[in-house]
Amino acid sequence: MVRPMIVAVVLAATSVAHAEPLQLDDAPADPDTAQRLSTIGSAIPLASIGIGTLVWLEGSNNAIRDLGMGIAIGGAVAGIVTPSLGELYSHHWLNGTMALRAGGLFVEFVGLVFASNSDVGDCADTTGPCHLHASTIGLLGGGAALYLGATVLDIVEAPSAARAWNRRHAVQVVPTALRTPTSTAPGLVLSARF
Amino acid sequence: MRTWILTLALAPAAVHAEPAPASSRFVEGGMTFGAAEPVIGWNLMATVAAGIQIAGPWWAHAAFAYGPTIDNLGGHGLNNGRNLAVHAGAEGRWCSSRAGALCGIAGLDLGGQHGSWEPNNGYLMSASSTALVAIPRVGLDVGTTRIRARLDLEADAALVSRHHEVYDPMYPTTRSPSGILGIELAAGVWLAW
Numbered sequence: 334m335v336r337p338m339i340v341a342v343v344l345a346a347t348s349v350a351h352a353e354p355l356q357l358d359d360a361p362a363d364p365d366t367a368q369r370l371s372t373i374g375s376a377i378p379l380a381s382i383g384i385g386t387l388v389w390l391e392g393s394n395n396a397i398r399d400l401g402m403g404i405a406i407g408g409a410v411a412g413i414v415t416p417s418l419g420e421l422y423s424h425h426w427l428n429g430t431m432a433l434r435a436g437g438l439f440v441e442f443v444g445l446v447f448a449s450n451s452d453v454g455d456c457a458d459t460t461g462p463c464h465l466h467a468s469t470i471g472l473l474g475g476g477a478a479l480y481l482g483a484t485v486l487d488i489v490e491a492p493s494a495a496r497a498w499n500r501r502h503a504v505q506v507v508p509t510a511l512r513t514p515t516s517t518a519p520g521l522v523l524s525a526r527f
Numbered sequence: 380m381r382t383w384i385l386t387l388a389l390a391p392a393a394v395h396a397e398p399a400p401a402s403s404r405f406v407e408g409g410m411t412f413g414a415a416e417p418v419i420g421w422n423l424m425a426t427v428a429a430g431i432q433i434a435g436p437w438w439a440h441a442a443f444a445y446g447p448t449i450d451n452l453g454g455h456g457l458n459n460g461r462n463l464a465v466h467a468g469a470e471g472r473w474c475s476s477r478a479g480a481l482c483g484i485a486g487l488d489l490g491g492q493h494g495s496w497e498p499n500n501g502y503l504m505s506a507s508s509t510a511l512v513a514i515p516r517v518g519l520d521v522g523t524t525r526i527r528a529r530l531d532l533e534a535d536a537a538l539v540s541r542h543h544e545v546y547d548p549m550y551p552t553t554r555s556p557s558g559i560l561g562i563e564l565a566a567g568v569w570l571a572w
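Chains as they are written, first to last, in the working numbering: chain A, 334 to 527; chain B, 380 to 572.
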């Protein structure tokens, strides 16, 4: 008599199933979504850098050029993090690619300082023609390669990060039967690994 | 690695996981912050926009923006300038998933832009600029299929422009600046259906 009552209480207390979004911590990561997130997160800052630089160089007055410079710099800084959106979505919070992009941006900045017409730049000596040193060109190229390479790496690796998360937190739902004292009821087994 | 097994009673209700129907039209209200000819300073414009999905990721849209300008030197107050922009064009939207939690946008508009300014600085008495511009745009939007927040970066590349300046009322000058006549960051809220 006690068992049927317990089963009845459990069934009565069970709410109707809803297809509401799962908590992020529980949700499996979709590899395609991860890659799209990284692609969007890469394209927007790169486009902002491109448009900002164009406006910085070609703007028709100082306010326009200043804002272009600000947007180019802001896009470059945002682009340290946003290409990793796919990996962040896959719960991979700390990424070496972020460090690579930050390093690339620093190297690029040092190269731009040497390339600029300043007291520490390659053109500080005004007695002769101005040429960029090979080291400055190396810094500019190396910084850009580091930044762009890490960005491409994030896009390529985002699906793998999602699959790795799914493997670590695999969720399986399989049909089963629940035996009660008087009959057998259909049920589901939810299996997860942590 | 431990394996946890949880047994659930199968509820008789139907379980649905269908995606929400995608929206194909939107109206948007928002603000832009930027700089544009002829004003040397920042502009702050209120914007309204509307769009319709053409096919796949491709949308057509039109936008109107108008507002005052702000001095970029000293007090950062209103500096008697005005900017107006009307533009329309096409854009592609590519989303991270069918529900579109995050979408990237790239587009190109054509439009007109007009600005005026009376700086009263003792030299330049007034300036106005009217231009036909091409506007490359990139941006992103986040949210649900019904309500989305959107951030755009727009550049105003001159196709045809006419810039009128008055230093001396007896000798107004006119020139045709080329290059980039303005840049704006636009933020808005989308209502879609």
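By construction, these hints were calculated from the structure, which means they are not laboratory data.
Predicted, not measured: the structure shown is a model, and the values here were computed from it.
Check before you lean on any hint, since a few could be wrong.
[What the hints assert, rightly or not] Here are some chain A residues pointing at chain B (derived, C-beta under 8 Å):
no., residue
1, R369
2, I373
3, E391
4, G392
5, S393
6, N395
7, I404
8, V453
No residue lacks a Cβ here, since even glycine has one placed at the ideal position from N, Cα and C.
Hints, one by one, checked against the model:
no.	hint	result
1	R369	holds (4 Å)
2	I373	holds (4 Å)
3	E391	holds (4 Å)
4	G392	holds (5 Å)
5	S393	holds (5 Å)
6	N395	holds (6 Å)
7	I404	holds (6 Å)
8	V453	violated (28 Å)
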